[in-house]
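Asks: Chains as they are written, first to last, in the numbering used here: chain V, 1 to 311; chain S, 1 to 425.
Bear in mind the hints are in silico, worked out from the structure with no lab data behind them.
One or more of the hints may lead you astray.
[Unchecked claim] DSS-like cross-link-like pairs, simulated, lysine-lysine; straight-line CA separation at most 30 Å:
hint, chain 1, residue 1, chain 2, residue 2
1, V, Lys-111, S, Lys-110
2, S, Lys-398, S, Lys-6
3, S, Lys-283, V, Lys-111
4, V, Lys-5, V, Lys-28
5, S, Lys-6, S, Lys-113
6, S, Lys-202, V, Lys-227
7, S, Lys-128, V, Lys-181
8, S, Lys-398, V, Lys-96
9, V, Lys-159, V, Lys-253
10, S, Lys-6, V, Lys-233
11, S, Lys-283, V, Lys-124
12, V, Lys-31, V, Lys-227
13, S, Lys-110, S, Lys-373
14, S, Lys-202, S, Lys-170
15, S, Lys-313, V, Lys-111
16, V, Lys-233, S, Lys-131
17, V, Lys-124, S, Lys-313
18, S, Lys-170, S, Lys-113
19, S, Lys-110, S, Lys-43
20, S, Lys-170, S, Lys-128
21, S, Lys-32, V, Lys-111
22, S, Lys-283, V, Lys-181
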Amino acid sequence: MIGWKHGDLLDLNDLTREDIETVIETAKAFKEVSTRDIKKVPALRGKTVVMLFAEPSTRTRISFELAAKRLSADTLNVTVSTSSTQKGETLLDMAKNIEAMNVDMIIVRHKSAGVPQVLARALKPGVINAGDGCRAHPTQALLDMFTIQEKLGRIEGLKVAIIGDILHSRVARSDIDGLVKMGAHVTLCGPSTLMPPGIERQGVGVTYKLDDVLPESDVLMFLRLQKERQEEKYLPSIREYVQHFGLTTERLKRAKKDVLVMHPGPVNRGVELSAEVADGINSVILEQVTNGVAVRMAILYLLFGKKEKVS
Amino acid sequence: MSILIKKAIIINSTSMSKEPQDILIERGSIVKIAAKILDSADKTIEANGKYVLPGLVDLHCHLRDPGFEHKETIETGSRSAAKGGFTTIVCMPNTNPVIDNAKIVEGILKEAKRVGLVHVLPAGAITKGQKGEELADIMELKNAGCAALSDDGRTVHNSQLMRHALEYAKMANLLIMEHCEDPTVSRGSMNEGFYSTLLGLKGIPDIAETIIVARDIELARYLKTRIHFCHMSAKRSVELIRQAKAQGVAVTAESCPHHFSLTEEALQSFNTHTKVNPPLRTKEDVEAIKLGLKDGTIDCISTDHAPHAREEKELEFDASPVGMIGFETALGLAVRELVETKCITWSTLVEKMSFGPAKILGLQNKGEVAEGKDADIVIVDPQKEWVLKEEEIVSKSKNSPFIGQAFKGAVETTICSGKISYQAQ
């Protein structure tokens, strides 16, 4: 692909606006593949893709696996249930072992921020970050942008609100990176205790009132609220959270008629979104999932294109 | 054994010799300083105008022995300290078992004496097992040879217990060195702020430190006793200490080389060698620490030498232990970041790294190159340039974020109790 020079995808900081456009364009072509009767192209035949998941994940793992399989790559799942610390083996050790079996790409999900960086520095195969701690989840942001582009025809100039637990959200961080780079106006909305310090320096607005952003937003992105936040004393109660930051049919009436309601999943029905809203006409949540496969196919394709040129 | 050092520029905390001097050392003491000494000695060292400083004194290090000998031992730690120019070091009690009884203290002192490269002064625990629940046997620790008390790594969080610790330590005439970190506020692995947001790491805000600094200043004021603050990292801590000193509260404080050399931006590499507690903070904090050293708010520089084995540091950032080694880079960093930048003079460096800490511990014969003082001396070549190489580190652990960096000013010879404890090749 013209101009694409990345062998790893660690976060969106590394990508230019043109790179993101390339991903979106490439994903558009691959989306069609998934609608065919025979959902497979030979692009990555003979390549081995390892999914190293050290944190529970169903949809991201399935999405990556389908993407790799539809490109004819061989896939392997490595689920690490305990931290490598407990086994007396360092993370690097494990990764080096996988590398020694001559794999071509490692997709890593880890609860500790920075793990994909460290692996990418130490290993020859390409590394794709499938989510690291609270830091980044670049493919989620790319599929979000792909979905917005597809639905609204553009990203530049749109008003996007990201609502919920920003502090603990790698999705929010990557979406902010990507959307700001693409020229969207991003406003973050959530309880003050769940707003990360210094986030305004990323070029976003901050508000604590959902009603402030509802009328003007073109896109409403909700984040999953972990129930533990109440026990960790960030919130008085889930009940109060829902009253202030949850989207109901009633509240949705204050938004633009054709506003996009997005969520990276899984949705806590009745918390971030009422069931009616999650399944309603503004919701594009399932299309995000569909697009996730196309975007991940695009990423694999682009990264492998680069890797081949190097070797 | 006698040593004659010829033609040395002597640097003390308040003076620097204008002309080269000869220094005669006999039986562990400095017996004579003069422009020309004709006495014969067992060994003669030609200093040729290099600097002679009083041996460096470190109020804060971890020797890991007993219990964590895979990280460091008294022997390897002593060798590392001597290479860094240190002649007296205070080792923290977070060993296994914890230094909270006479037997452990005696064991450490015995082994340190056997090694014989540096004066090792153990800090005893303030509370039994460093658990923060009940006072350790403080009188016993004092009598066994502890030079100070600390629950380093932990704050004595219960204010009433800390009050009693200060009162009791005053009676025992032992200094309490507080690790200032409110555990209910400190929950992360780096400074809280823009960079923790960017890196997705949980933060340790400066208030984790300053809440305890403020509380302890109030305790010291109320009890009319003294307290020492370990490894100060935050601008606001410097301000609180400055104000306390101006109001006559008997507080002293130390900062570490990494806290005036590095900022949180260094963590962007996810190099676990930059993970330290208290965490590397902002540029403003670094400037405030430097100013605090310059204006006397911060009394001394300690290393917080904290060795960890390679397999422990090669973990995920969250899982990796905190700390970096410091003996062998402390002087180099102080010269590079403070003296070369004209923040402080060589004499002030001596005050911060030798005279000041010796005074805080009440070591009257140390911290000064003068007739009658202990022959704890370091000879430094102020012009020599060097690069920190991993294979040249003598500490058992190599966890330094400064590997590959260039320094000016190198330790040539360290003399402890009149014996050469380190000699550069």
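Asks: Next step is simple, just say for each hint if it's right about the structure.
Replies: To see whether the hints hold, each was checked on the structure:
Of the pairs offered as hints, the one joining V/Lys-111 and S/Lys-110 is violated, with about 45 Å between alpha carbons and a cut-off of 30 Å exceeded. A C-alpha spacing of about 35 Å is found between S/Lys-398 and S/Lys-6, which places the hinted pair above 30 Å, so the restraint is violated. Between the alpha carbons of S/Lys-283 and V/Lys-111 the distance comes to roughly 29 Å, so the proposed pair stays at or under 30 Å and holds. Straight-line distance between C-alpha atoms of V/Lys-5 and V/Lys-28 comes to about 20 Å, which keeps the hinted pair within the 30 Å bound.
Distance hint between S/Lys-6 and S/Lys-113 is fulfilled; the C-alpha atoms sit about 29 Å from each other, no more than 30 Å. The suggested pairing of S/Lys-202 with V/Lys-227 holds, with an alpha-carbon distance near 18 Å, which does not exceed 30 Å. With a C-alpha separation of about 55 Å, the suggested pairing of S/Lys-128 with V/Lys-181 is violated against the 30 Å cut-off. At roughly 22 Å between alpha-carbon atoms, S/Lys-398 and V/Lys-96 fall within 30 Å of each other, so this suggested pair holds.
Distance hint between V/Lys-159 and V/Lys-253 is fulfilled; the C-alpha atoms sit about 17 Å from each other, no more than 30 Å. The straight-line distance between the Cα atoms of S/Lys-6 and V/Lys-233 is roughly 66 Å, outside the 30 Å bound, and the hint therefore fails. For a cut-off of 30 Å, the pair hint linking S/Lys-283 to V/Lys-124 is broken: about 35 Å separates their Cα positions. For the given pair, V/Lys-31 sits about 34 Å from V/Lys-227 by alpha-carbon distance, which is inconsistent with the 30 Å threshold.
For a cut-off of 30 Å, the pair hint linking S/Lys-110 to S/Lys-373 stands: about 24 Å separates their Cα positions. Taken as a hint, the S/Lys-202 and S/Lys-170 pair is broken in the structure, with Cα atoms around 38 Å apart against an allowance of 30 Å. Note on S/Lys-313 and V/Lys-111: the hinted pairing holds, with a Cα-Cα distance of about 17 Å set against a maximum of 30 Å. Annotation: proposed proximity of V/Lys-233 to S/Lys-131 holds, straight-line Cα distance about 25 Å (limit 30 Å).
A distance of roughly 22 Å separates the Cα atoms of V/Lys-124 and S/Lys-313; the hinted pair therefore holds under the 30 Å criterion. Taking the CA atoms of S/Lys-170 and S/Lys-113, the gap is about 28 Å. The hint holds against a cut of 30 Å. For a cut-off of 30 Å, the pair hint linking S/Lys-110 to S/Lys-43 stands: about 28 Å separates their Cα positions. Straight-line distance between C-alpha atoms of S/Lys-170 and S/Lys-128 comes to about 18 Å, which keeps the hinted pair within the 30 Å bound.
A hinted pair counts as satisfied when its Cα atoms are at most 30 Å apart, and S/Lys-32 with V/Lys-111 does not qualify at roughly 63 Å. Only pairs whose Cα atoms come within 30 Å are accepted, and S/Lys-283 paired with V/Lys-181 is accepted, the gap being roughly 27 Å.
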